[in-house]
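**Student:** Work out the full structure: start from the sequences and follow the hints.
So the protein lines, in turn, are chains U and C.
Going by this note's numbering, the letters in the first sequence line up with residues 1 to 362, in that order.
Going by this note's numbering, the letters in the second sequence line up with residues 1 to 393, in that order.
Hints listed in this document are in silico derivations from the structure and should not be mistaken for laboratory results.
Fair warning: this is a prediction, and the values are worked out from it, not measured in the lab.
Hints should not be assumed to be uniformly reliable.
[Stated by the list, open to error] Beta-carbon label-pair distances, calculated as ranges:
(1) U:LYS51 / C:ASP3: 53 to 61 Å
(2) C:ASP3 / U:GLY55: 51 to 59 Å
(3) C:ASP3 / U:SER12: 30 to 38 Å
(4) U:ARG253 / C:GLU93: 46 to 54 Å
[What the hints assert, rightly or not] To give an idea of the interface, some chain U residues facing chain C are shown, with a C-beta separation under 10 Å as derived from the structure:
(5) GLN250
(6) GLN254
(7) GLY257
(8) LEU275
(9) ALA278
(10) ALA299
(11) ALA345
(12) HIS349
(13) LYS361
Ideal Cβ positions, reconstructed from N, Cα and C, are used throughout, including at glycine.
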Amino acid sequence: MSAQPEPALLYSEEEDALRAAVRDLLTDHCDPADVITRTESASPHDVSLWKSLAGPMGLAGLLVPEELGGQGATHREAAVVLEELGRAVAPVPYLTSAVVATEALLACGADDLLTEVASATSVAVLAVGLHVAPGGPVPGVRLEGDALHGELTGIADAAAADVLLVPADDGGLYAVRATDATVTPQTSLDLTRPLARVTLEAAPGRRLGDSAPAVRRALRSGAGLLASEQLGLADWLLTETVRYLKERKQFNRQVGGFQALKHRLARLWLEVAGLRAAARNAADALTTGADTDVAVAVAQAYAAQVAVRAAEEALQLHGGIGMTWEHPVHLYLKRAKADSIAYGAAGTHRSALADLAGLPKP
Amino acid sequence: MTDAAELRALTQELLAAHPPGTTDRVDFLRARFDAGLAWVHYPRGLGGLGAPRALQAVVDAELTAAGAPDNDPRRIGIGLGMAAPTILQYGTEEQKRRLLRPLWTGEEVWCQLFSEPGAGSDLAALGTRAVREGDHWVVDGQKVWTSSAHLARWAILIARTDPDLPKHRGITYFVCDMTDPGVEVRPLRQITGEAEFNEVFLTGVRIPDSRRLGEIGDGWRVAQTTLNNERVAIGGTPIPREGGMIGKIAATWRERPELRTHDLHQRLLGLWVEAEVARLTGVRLRQQLVAGQPGPEGAGMKLNFARLNQEISGLEVELLGEEGLLYDDWTMRRPELVDFTGRDAGYRYLRSKGNSIEGGTSEVLLNIVAERVLGLPAEPRTDKDVAWKDLAR
Numbered sequence: 001m002s003a004q005p006e007p008a009l010l011y012s013e014e015e016d017a018l019r020a021a022v023r024d025l026l027t028d029h030c031d032p033a034d035v036i037t038r039t040e041s042a043s044p045h046d047v048s049l050w051k052s053l054a055g056p057m058g059l060a061g062l063l064v065p066e067e068l069g070g071q072g073a074t075h076r077e078a079a080v081v082l083e084e085l086g087r088a089v090a091p092v093p094y095l096t097s098a099v100v101a102t103e104a105l106l107a108c109g110a111d112d113l114l115t116e117v118a119s120a121t122s123v124a125v126l127a128v129g130l131h132v133a134p135g136g137p138v139p140g141v142r143l144e145g146d147a148l149h150g151e152l153t154g155i156a157d158a159a160a161a162d163v164l165l166v167p168a169d170d171g172g173l174y175a176v177r178a179t180d181a182t183v184t185p186q187t188s189l190d191l192t193r194p195l196a197r198v199t200l201e202a203a204p205g206r207r208l209g210d211s212a213p214a215v216r217r218a219l220r221s222g223a224g225l226l227a228s229e230q231l232g233l234a235d236w237l238l239t240e241t242v243r244y245l246k247e248r249k250q251f252n253r254q255v256g257g258f259q260a261l262k263h264r265l266a267r268l269w270l271e272v273a274g275l276r277a278a279a280r281n282a283a284d285a286l287t288t289g290a291d292t293d294v295a296v297a298v299a300q301a302y303a304a305q306v307a308v309r310a311a312e313e314a315l316q317l318h319g320g321i322g323m324t325w326e327h328p329v330h331l332y333l334k335r336a337k338a339d340s341i342a343y344g345a346a347g348t349h350r351s352a353l354a355d356l357a358g359l360p361k362p
Numbered sequence: 001m002t003d004a005a006e007l008r009a010l011t012q013e014l015l016a017a018h019p020p021g022t023t024d025r026v027d028f029l030r031a032r033f034d035a036g037l038a039w040v041h042y043p044r045g046l047g048g049l050g051a052p053r054a055l056q057a058v059v060d061a062e063l064t065a066a067g068a069p070d071n072d073p074r075r076i077g078i079g080l081g082m083a084a085p086t087i088l089q090y091g092t093e094e095q096k097r098r099l100l101r102p103l104w105t106g107e108e109v110w111c112q113l114f115s116e117p118g119a120g121s122d123l124a125a126l127g128t129r130a131v132r133e134g135d136h137w138v139v140d141g142q143k144v145w146t147s148s149a150h151l152a153r154w155a156i157l158i159a160r161t162d163p164d165l166p167k168h169r170g171i172t173y174f175v176c177d178m179t180d181p182g183v184e185v186r187p188l189r190q191i192t193g194e195a196e197f198n199e200v201f202l203t204g205v206r207i208p209d210s211r212r213l214g215e216i217g218d219g220w221r222v223a224q225t226t227l228n229n230e231r232v233a234i235g236g237t238p239i240p241r242e243g244g245m246i247g248k249i250a251a252t253w254r255e256r257p258e259l260r261t262h263d264l265h266q267r268l269l270g271l272w273v274e275a276e277v278a279r280l281t282g283v284r285l286r287q288q289l290v291a292g293q294p295g296p297e298g299a300g301m302k303l304n305f306a307r308l309n310q311e312i313s314g315l316e317v318e319l320l321g322e323e324g325l326l327y328d329d330w331t332m333r334r335p336e337l338v339d340f341t342g343r344d345a346g347y348r349y350l351r352s353k354g355n356s357i358e359g360g361t362s363e364v365l366l367n368i369v370a371e372r373v374l375g376l377p378a379e380p381r382t383d384k385d386v387a388w389k390d391l392a393r
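**Tutor:** In structure tokens:
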């Protein structure tokens, strides 16, 4: 195959500084015990944490141009934010609003809504099921006259949304105010990124543009940057498990000294190192536009197995404590497992590579 | 003090005095060594100029442009990569002057007598004995997995000089003359049918004490210099997508539609993804090195390389179906250079089995990652303070 331009896979000094700022905030305001308590409260999203991230730090507008009130930054910075949010399993609508919905709004040139999102005045959510892969079939609602009718399920973070971006059967993408829709929470596997059913009964909507290209662009960015969230999950799980196994003693020894466990953790470390390269590659490719489809598909074909295994290994190696509601490892397992379906399962992305890499099916 | 411009000028002087077109290859290489342009970071008089190592590329580029012969570094890798740095660090002046020039020109090939049948991962347990007799040492024992022993004039050798000390402390490092009548080299045929390596039997081999490298009993420390140079910095050239083993099976897949099944397709795509991720991990590691922040990923690269080579070549044999039941040639051969991706799929499958054993087994590498990268407790040791002669064997 032809030589590829070499992607930039390290973190810049600015990216390291951004990471440090986000981590500081999350250390102070996103304690695992509070996250667990919040999952069963009336408001599973942490609105005040979101306000701090989106407002003073300006993270909601990273991908929005400066002239619309955003930061004019790139996917590389957004990826670093997602690594940190993954490390903390933070219950905030960053990926859904500041990445996926923002990309759809950018594709449609919806400048007024981009300004709302960037200034953290509104949370926007793309009303497409979380499981849908880039290029996958997208259910739409019915357009009758100038009102929208129908029901969409599996919409992540819809309960936190002020604006829903809804595909309709005329091929358009419509902005619907959440107050004009009925949003019903669905009991979700992932407690920190809950899903909801969106019901529209003659809801007024504003046509923003063509749905298909906007949704495709949004889901591709979502899939590519999800890998950085999965990296954050895996990195926290590995670090925390290594820490615990140095501290935990059984048979008059540190449990982390048993070779069977050392080898499992060493293999996991190797996979996390691979995921870091793949996730950085996807973020860089989304930024430069070079080789993007392959980079995103490779990252998503690889990331899920690493994040899920990191969570499953963490749970097993923590022993009984890992099985309790009190210990946060289950939040990571649930997020990692849900992420393995989000924006297309690994097998869907592998199939995409069959075409992209020229390895046709039988 | 030596800069790129000066090196370019010196290289042009060499080329003018010894035009490659009309100069004998070995004569040219000797002249290059004597001009200090062999390895510019070595000292003056020993093939270098005491210049920064990075400036070697300036000399190499000028010489390549002029069509000058090189010293065929792949053929003499053990001498260049392992013996030379050890001789430079621990050798006497006389040893350096006698040995380094023909080593570098390739006139004298080197091999390494380290591994033994009873000392693989636990190299420090080696049992080849060296007993002092006046000005000489008399060596008896058996070494194994020795590349180039049948071509070599010299060997770097570690042998036990004091069995009463704990294993790391009773070892001494020597330069062994492979033409000594007590040295017998036998090809070691491997599962591929060929013999890349040798067994070397040492029977009453007499080595003058003047060919000892380093102090008596300090051989383990000297050997660290050799082993640290074994895997020279990870390749300078980026590997392209589908470089290596995955490119072979991808080509077969594209050229042979009749072999495709759904099961093979899924497995191929899975390995293609893993090979691409491993490649990107290597790209990232190299960028870290260039940025002066070497990461620990290097320790894991060989683990990836071994596992993927084995899984990909195994899938390729299966993909070939009826042809996978055949093998290109079992004839006993002595290849001088080994290409893991060379020959047919069956050969690749069998040869890659060695990738998780040679140069550090995958199990030992996993221990290294767990202990040095993750900081997990070291394996319990029962052999550190026991005399070598009392170790279990």
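**Student:** Holds or violated: is there a CB of chain C closer than 10 Å to the CB of GLY257 (chain U)?
**Tutor:** With Cβ-Cβ at 4 Å, under 10 Å, it holds.
**Student:** Report holds or violated for the interface hint on GLN254 (chain U), using the least CB-CB distance to chain C and a cut-off of 10 Å.
**Tutor:** holds, 5 Å
**Student:** Given ALA278 (chain U) was flagged as interface, is its beta-carbon under 10 Å from a beta-carbon of chain C?
**Tutor:** OK, holds: ALA278 (chain U) within 10 Å of chain C, min 5 Å.
**Student:** Taking the least C-beta to C-beta distance, is LYS361 (chain U) closer than 10 Å to chain C?
**Tutor:** Because about 5 Å separates LYS361 (chain U) from the closest Cβ in chain C, which is inside the 10 Å limit, the hint holds.
**Student:** Classify the hint on ALA299 (chain U) as holds or violated, based on whether any CB of chain C lies nearer than 10 Å to its CB.
**Tutor:** holds, 9 Å
**Student:** For the hint on LEU275 (chain U), does the least C-beta distance to chain C fall short of 10 Å?
**Tutor:** For LEU275 (chain U), the interface hint holds, since the closest Cβ of chain C sits about 8 Å away, which is under 10 Å.
**Student:** With respect to the beta-carbon atoms only, verify the hint that ASP3 (chain C) and GLY55 (chain U) lie 51 to 59 Å apart.
**Tutor:** holds, 55 Å
**Student:** Does the closest beta carbon of chain C sit nearer than 10 Å to the beta carbon of ALA345 (chain U)?
**Tutor:** Status violated, d = 13 Å.
**Student:** Taking the beta carbons of ASP3 (chain C) and SER12 (chain U), is their distance inside 30 to 38 Å?
**Tutor:** holds, 31 Å
**Student:** Taking the Cβ atom of ARG253 (chain U) and the Cβ atom of GLU93 (chain C), is their distance within the range 46 to 54 Å?
**Tutor:** Given range 46 to 54 Å: holds, Cβ gap about 51 Å.
**Student:** Regarding LYS51 (chain U) and ASP3 (chain C), is the given constraint of 53 to 61 Å on their beta-carbon distance met?
**Tutor:** holds, 58 Å
**Student:** Taking the closest Cβ pair, is GLN250 (chain U) under 10 Å from chain C?
**Tutor:** The hint is violated - GLN250 (chain U) has no Cβ within 10 Å of chain C, the shortest such distance being about 13 Å.
Consistency with the previously given hints fails for numbers 5, 11, ordered from lowest to highest.
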